[in-house]
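S.K.: In case you want the letters, here they are:
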Amino acid sequence: MDDQRIIGLIQAGKDQEAFKGLYAYLPKVEHLVRQNSGRSGDAKDIFQDALIIFHRRVRSEGFVLTSSIGTFLFAVCRNLWRDELRRRNKAMGEWKLDAEADEPADLTALLAREGEFKQAEQALKSLGAKCVDVLIRFYVKNEPLALIAKALGFSGEGAAKTRKYKCLEEARKRYRLLVATTVTTVLSEVEVQHP
Amino acid sequence: MRDELHLMELVDRYLDGSMNAEERTAFEARAKANAELRELIDDQRALREGVARVPVRAAATKAYQKYRFGKPGPWAAGAVVLAIVVTTTMLLWRAQNLSANAESTTDLNAQNARVLDDTTGTHLDPLVLTIDPNSDTTLVTPNGIVLDIPRGAFTDSLGNAITAPVRVTLLEALDPLDIMKAGLSTMSGDTLLETGGMFYFDAQVNGKKVRIDPSKPITAMVPAQPGQGDMQLYQGAKGADGLIDWRDPKPLKKSLVPVDITTLNFYPPGYEAKLAELGQDVMNKAFKDSLYFSFAGALERMLLFGPSENNVLTMAQAKADSTYSTANNGPACRCWRRPGQGQGDLE
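Residue numbers (this note's numbering), protein chains in the order written: chain A, 5 to 199; chain B, 57 to 403.
Calculated directly from the structure, the hints in this document are not laboratory data.
There could be a bad hint or two in this list.
Stated by the list, open to error - Using 27 Å as the maximum straight-line C-alpha spacing, the simulated DSSO-like pairs for lysine-lysine come out as follows:
#: 1; chain 1: A; residue 1: K32; chain 2: B; residue 2: K122
#: 2; chain 1: B; residue 1: K122; chain 2: A; residue 2: K18
#: 3; chain 1: A; residue 1: K134; chain 2: A; residue 2: K145
#: 4; chain 1: B; residue 1: K118; chain 2: A; residue 2: K18
#: 5; chain 1: A; residue 1: K145; chain 2: B; residue 2: K118
#: 6; chain 1: A; residue 1: K145; chain 2: B; residue 2: K122
#: 7; chain 1: A; residue 1: K129; chain 2: B; residue 2: K122
#: 8; chain 1: A; residue 1: K48; chain 2: B; residue 2: K122
#: 9; chain 1: A; residue 1: K170; chain 2: A; residue 2: K154
#: 10; chain 1: A; residue 1: K32; chain 2: B; residue 2: K118
#: 11; chain 1: A; residue 1: K18; chain 2: A; residue 2: K48
#: 12; chain 1: A; residue 1: K170; chain 2: A; residue 2: K145
#: 13; chain 1: B; residue 1: K88; chain 2: A; residue 2: K170
#: 14; chain 1: B; residue 1: K118; chain 2: A; residue 2: K129
#: 15; chain 1: B; residue 1: K265; chain 2: B; residue 2: K330
#: 16; chain 1: B; residue 1: K122; chain 2: A; residue 2: K177
#: 17; chain 1: A; residue 1: K134; chain 2: B; residue 2: K118
#: 18; chain 1: B; residue 1: K265; chain 2: B; residue 2: K294
#: 19; chain 1: B; residue 1: K118; chain 2: A; residue 2: K48
#: 20; chain 1: A; residue 1: K32; chain 2: A; residue 2: K48
Keep in mind it's a predicted model, so treat the numbers as computed, not measured.
The task is simple: from the sequences and hints, build the whole structure.
M.R.: Shown next as structure tokens:
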């Protein structure tokens with residue numbers, strides 16, 4: 005599938021179809037990860053994250069494709085895997101691939117933000133299916149509160165709204181906790197490196 | 057609503073861009089003076105992005121399953137007949153091209169897995185799910201084992217078919233890391249086997265183990281690496297020391313091997329030979345197809361009525377019947393009637 009067609013599918017909301025085409029790039033990423041002390045399962049996970057990042061990029065305003073999708077996905081995966089290795093405290097000397105010229109310049113900043121979004125996603129998912137359902141209906145599907153209340157069995161719009169913000173509030177608490185834990189980990193690594 | 061919740065609603069409106077210019081300026085001024093509010097805005101923005109990621113990730117997961125199972129790859133097939141269900145089975149195989157049928161499958165990931173006593177300590181996540189034995193079931197595990205469980209496959213100890221829901225537990229260790237993590241051995245007596253992977257299958261009703269009807273075997277297909285030659289199927293027996301001895305090797309049954317549809321020859325037997333005999337160009341596929349399709353109707357009638365001298369008569373009869381049915385505003389299809397019989401055949 006060519007790049008323009010993939011982008012067209014994502015913009016039309018046919019995510020699954022687009023992703024199916026993009027999985028053709030997975031073997032290359034698998035190779036990269038396997039060469040750098042990972043397993044193909046790891047490759048699958050970071051590739052999925054890369055797909056989500058690409059998806060957001062396409063759906064954001066003023067999107068222009070500056071490199072081929074394959075190049076972008078590969079660059080993202082390479083960075084994600086490098087971060088993952090760092091997180092796992094593997095010897096960084098083993099890393100064979102440094103940043104290359106074809107990487108988008110703003111990739112590091114982009115990935116830092118996406119990392120936060122992923123933590124938010126994890127915090128949300130830990131709340132349980134009902135909260136996630138309410139929030140998806142509200143923020144992603146833009147369903148009116150009356151419809152959400154009816155579909156999920158709330159007594160009325162007010163109840164649905166309160167529930168939504170309570171979910172969001174609880175998600176925020178957990179998200180802050182996740183962020184705090186990550187910062188601590190990074191700090192302790194710094195201490196190890198510079199005793 | 058409490059004040060905090062009200063504030064979150066305000067942030068939502070700010071992030072949506074649904075505030076008017078006046079509101080917006082006021083809100084931004086408030087945020088500038090209030091670090092806590094700025095943090096709330098940042099967090100809420102991240103959480104909204106997090107919400108948006110959930111369905112996208114679900115789509116990616118589904119796409120991965122389609123990508124993986126839709127791709128014809130090296131597969132192995134073995135028809136497994138287990139006399140007693142509780143056996144750990146090692147599947148060793150012959151590399152074959154067999155594509156898995158992704159249709160009508162039950163997604164194992166969707167099921168809540170519960171750890172059973174006899175599967176603890178393996179460090180493998182057991183897949184536990186309940187299936188209806190009154191219909192055919194196809195299971196696809198995350199690592200790609202495909203199990204075909206036919207209707208009525210399970211019986212009780214007396215041989216009566218079980219109709220109550222059956223709880224199935226599956227463990228799979230296909231790659232070396234999983235096998236090592238699970239502490240599985242590959243010994244058969246004193247001989248070391250080369251393994252292509254192992255799986256464990258258990259079926260119970262109300263805590264009692266069930267049997268498999270020998271006339272309705274469960275078929276297991278296991279992903280294979282190419283180049284693994286004459287693999288065989290072993291049954292595992294767990295010893296008192298917890299190690300598994302692999303016994304009773306059986307050769308694998310060859311299942312259907314799919315071939316590319318474009319390589320199939322759909323011409324009737326002797327068709328090409330006859331064309332060659334008549335001096336036609338048998339290398340010209342377009343001509344052969346055209347000629348074959350031009351006889352399609354005739355062949356259909358041949359199949360319907362049989363090749364007999366009475367064909368002319370029966371065809372005339374059929375034509376009369378079809379005229380009759382259309383004249384009477386019959387069904388939209390043309391109905392042909394077999395001479396001497398009352399039932400109609402749809403063409």
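S.K.: So, for every hint listed, does it hold in this structure?
M.R.: Each hint, compared with the structure:
no. : hint               : in the structure
1   : K32/A with K122/B  : holds (18 Å)
2   : K122/B with K18/A  : holds (14 Å)
3   : K134/A with K145/A : holds (15 Å)
4   : K118/B with K18/A  : holds (12 Å)
5   : K145/A with K118/B : holds (19 Å)
6   : K145/A with K122/B : holds (25 Å)
7   : K129/A with K122/B : holds (24 Å)
8   : K48/A with K122/B  : holds (14 Å)
9   : K170/A with K154/A : holds (18 Å)
10  : K32/A with K118/B  : holds (20 Å)
11  : K18/A with K48/A   : holds (21 Å)
12  : K170/A with K145/A : holds (19 Å)
13  : K88/B with K170/A  : holds (25 Å)
14  : K118/B with K129/A : holds (18 Å)
15  : K265/B with K330/B : violated (60 Å)
16  : K122/B with K177/A : violated (36 Å)
17  : K134/A with K118/B : holds (21 Å)
18  : K265/B with K294/B : holds (17 Å)
19  : K118/B with K48/A  : holds (13 Å)
20  : K32/A with K48/A   : holds (11 Å)
Of the numbered hints stated above, those contradicted by the structure are hints 15 and 16, listed in ascending order.
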